[in-house]
Amino acid sequence: MSDIANDIQDLVDNNTVVLFMKGTKEMPQCGFSSRVAGVLNFMGVDYADVNVLASDEMRQGIKDFTDWPTVPQLYVKGEFLGGCDIVTEMVLNAELDTYFTDNGIGFDKDAADKIREANA
Amino acid sequence: MAVADEIREKLQAAFDPTVLEVVDDSESHRGHAGFQEGGESHFNVRIVAEVFGPMTRVARHRAVHKALGDITGRIHALALDVSG
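Chains A and B supply the protein sequences, listed in that same order. So the first sequence is residues -5 to 114, counted in my numbering. So the second sequence is residues 3 to 86, counted in my numbering.
Since the hints were made in silico from the structure, they are not lab data. A hint or two may mislead.
Straight-line C-alpha distance at most 27 Å; calculated DSSO-like pairs for lysine-lysine [what the hints assert, rightly or not]: (1) B/Lys68 to A/Lys57; (2) B/Lys12 to A/Lys71; (3) A/Lys19 to A/Lys57; (4) A/Lys19 to A/Lys71; (5) A/Lys16 to A/Lys108; (6) B/Lys12 to B/Lys68; (7) A/Lys19 to A/Lys108; (8) A/Lys108 to A/Lys57; (9) A/Lys57 to B/Lys12; (10) A/Lys71 to A/Lys108; (11) A/Lys57 to A/Lys103; (12) B/Lys68 to A/Lys16.
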């Protein structure tokens, strides 16, 4: 594995929930990253954010690592869950709630319900 | 050929879909990252095909990315709704 792939593997292994995104969770730099970070923030999920814009190596490395052409990318317990479309879909149909519950990841259920009410 | 037509053509050939909608949504991203004058930067695709039925979500998206080949590298964003 290349150095960057090793680094990414470490990030994925050492953080239960990690979001590779453009910008940071406090200051996203792209609408799609902003949407996923916003949902996780609102749901009170404890997660690590990795700003792929910090280096060209990371920006390309994460795409190669996941075999996925776009950012954001959400990993939970070492597994790639999806990008913006998949995460959005899973929030709206409450699949993400089940997924988090099954994996012992804490989140604010009322907040998740509020997102669904607002988008019903 | 317009990029939307290229996308349509590749997906039609790869999946024989029952529903295929390709929308150049670039204009609604005016002023955002990746927007370019003349559009062709942001696309929304909705596709329904039998072949996606047994696949996981991630596998469905990967199949679409693969079918699009170098197009995904040329555009800024692709919003996908893929179902079986």
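Taking the hints in turn, this is what the structure says about them:
no.	hint	result
1	B/Lys68 to A/Lys57	13 Å, holds
2	B/Lys12 to A/Lys71	35 Å, violated
3	A/Lys19 to A/Lys57	19 Å, holds
4	A/Lys19 to A/Lys71	19 Å, holds
5	A/Lys16 to A/Lys108	26 Å, holds
6	B/Lys12 to B/Lys68	10 Å, holds
7	A/Lys19 to A/Lys108	20 Å, holds
8	A/Lys108 to A/Lys57	32 Å, violated
9	A/Lys57 to B/Lys12	22 Å, holds
10	A/Lys71 to A/Lys108	26 Å, holds
11	A/Lys57 to A/Lys103	31 Å, violated
12	B/Lys68 to A/Lys16	23 Å, holds
This entry does not satisfy hints 2, 8 and 11, going by the numbered hints stated previously.
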